[in-house]
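Chains A and B are the protein sequences, given in the same order.
Reading the first sequence from the start, the letters are residues 12 to 349 in the working numbering.
Reading the second sequence from the start, the letters are residues 12 to 349 in the working numbering.
Keep in mind that a hint or two might mislead.
A pair counts as met if it fits within one copy or between any two copies, since identical chains are not told apart.
Stated by the list, open to error - With a cut-off of at most 20 Å between alpha-carbon atoms, the simulated SDA-like pairs for lysine to any residue come out as follows:
no., residue 1, residue 2
1, 179, 56
2, 179, 127
3, 260, 129
4, 89, 154
5, 260, 128
No wet-lab data here; the hints were simulated from the structure.
Next come the chains, spelled out residue by residue.
There are 2 protein chains.
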Amino acid sequence: MTALARQDRGQETQASIQPLVELTRNGMAAVNHLILSRMGSEVEMIPEVANHLISSGGKRLRPMLTLASADMFGYQGKGHVNLAMAVEFMHTATLLHDDVVDESDLRRGKSTARMIWGNQASVLVGDFLLGQAFKMMVDVGSLHALGVLAQAAAIIAEGEVMQLAAAKHLTTTEQDYLAVINAKTAALFSAAAEMGPIIANAGEEAREALATYGTNLGLAFQLVDDVLDYGGSADNLGKNTGDDFREGKITLPVILSYARGTEEERRFWREALENNQTDDAALQQALQLIHRHGALDDTIARARQFGEAARGALAPLAANAQKDALVEVIDFCVNRVN
Amino acid sequence: MTALARQDRGQETQASIQPLVELTRNGMAAVNHLILSRMGSEVEMIPEVANHLISSGGKRLRPMLTLASADMFGYQGKGHVNLAMAVEFMHTATLLHDDVVDESDLRRGKSTARMIWGNQASVLVGDFLLGQAFKMMVDVGSLHALGVLAQAAAIIAEGEVMQLAAAKHLTTTEQDYLAVINAKTAALFSAAAEMGPIIANAGEEAREALATYGTNLGLAFQLVDDVLDYGGSADNLGKNTGDDFREGKITLPVILSYARGTEEERRFWREALENNQTDDAALQQALQLIHRHGALDDTIARARQFGEAARGALAPLAANAQKDALVEVIDFCVNRVN
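The following block holds chain A by itself, in its conformation from the complex (with noise of 0.2 Å):
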């Protein structure tokens, strides 16, 4: 059964990233050579904390747009196994940073590699990880995938600052917050499946398909994460549940529930998220507001929009197994809420 056949049938069917996994079985193989051979180091705390991360199961995404969007143009080199390392150091430097940003202390269910090593290594293997991604770029030799990439990690970091700099305003607007999304997760989605058609030079109509694909799935994917972070739509709350209210974070379902809330409503949001008071009472009626105002319905809606943009961006290219994969993924991210 085909992608758009799955799609056709609705949401009784279980869209899936299995496809996309098994297009990129053997690519994928590679990368994860490649990484374990690029992340070692001479100073063994390198590794230790790259490690640590690599291995917590993150479902690697990012390289397989990237692998994927290569062979659907029928490249034939390794280069995209090369690339798709490169995103995966981009992103982990990304999260490493992160969790110091955020002073997170959990992610994926796992203490943060700052919490064991401290900041201050995960600042500098963070540091370490982006220069050996650099280099495997310049190996590749394509500048026009280096220019890509380059600025996608400069546009990573302006996202962030942006979010710092919003960070407990709740006057942010959903304009706003999904300018900061934008940035810091879109872009590398999109860098990531542009990397396929540059590479294997299948022409510009190809790579801006596949990078508004990129940005709009990651657009898509991080709506979906934010609805998560309070539970998902079925009120199955995860053992992650309310990181993003704790560390005062401003996502959309919050900034639905404050902007449709009534002055009282409002207070207590702002007593929350900007003033830290952020106990397991306040989440309780955290979630009691965005359910009440139905904000991870409205957010998961915008996910979907967002996923139709993706779906629609593709829609001209000829068919094939890895662009049916491709399409599928955007039901996976989409549908994780279910």
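Keeping the supplied structure of chain A fixed, place chain B upon it in accordance with the hints.
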């Protein structure tokens, strides 16, 4: 009078950075202009933080090395200006991250960015500048230059992690310490000096000569910095005297004093640097021990040796104004302690 003539007359003449400043004046004006334009962002906090450090009166030695080493081989384009900016951004990014890692309150007598805007902003603005540096290198279009600078970025971070792992360990050997400063300081001096012959296509011998010059100049520079942190050879305590001591940094003056110390002295050093007993009285005692064992003079002697190696690396190259200026900078760096 040439630098060589100055050197022959020994220390009674004052070696100066002025010839290098004058030779690179036009180029540095272009570099400064580029720095201002590329540190800009709609995200206000970015230029604020970047400007704090960039305008804080550093000597900009590294970008001057890049400009002079290109002019030295008759380079005619604009790429050296762009690469010099990239080098300075890499350096600034490193300083921003260093201050976070070292928990420094002051740099060059001014509050560090992290004291004003917080660790978070320092980490992220550093990341932004690094991204901008790589974008600029891509614009220049030399994969060779990109490879050298990417390698330097990874090595610098590796050196910082090494230093972090060695922090507060008095068993650090002189050899260990030289490996740290080779990575954290000399690698960027080397890359900066190497940029010129690379972009001027001056050939492998010229590249190797400038790279060796840069490495050894960087080692000498760092050792003299370490000496200055303990007030220099002339007992003239500056306002930053003891910063390394208070941060528990194991630098060469300490390593030599510890190695030459009595058992009682070694207990003092462990108490001070491993257990953070670094008040003013402890600093006074540290200074006494350092002077008793001639550790500053011997560190300066090491710096002079590296300076000689830097001079030797340039010796085979044809004489011109740039070469003279680069040779004079060696003496300038080493003689800063007098």
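Now the hints, each set against the structure:
| no. | hint | result |
| --- | --- | --- |
| 1 | 179 x 56 | between (34 Å within a copy, 16 Å between copies) |
| 2 | 179 x 127 | between (27 Å within a copy, 18 Å between copies) |
| 3 | 260 x 129 | between (22 Å within a copy, 17 Å between copies) |
| 4 | 89 x 154 | both (16 Å within a copy, 18 Å between copies) |
| 5 | 260 x 128 | between (25 Å within a copy, 18 Å between copies) |
Of the numbered hints given earlier, the model fails none.
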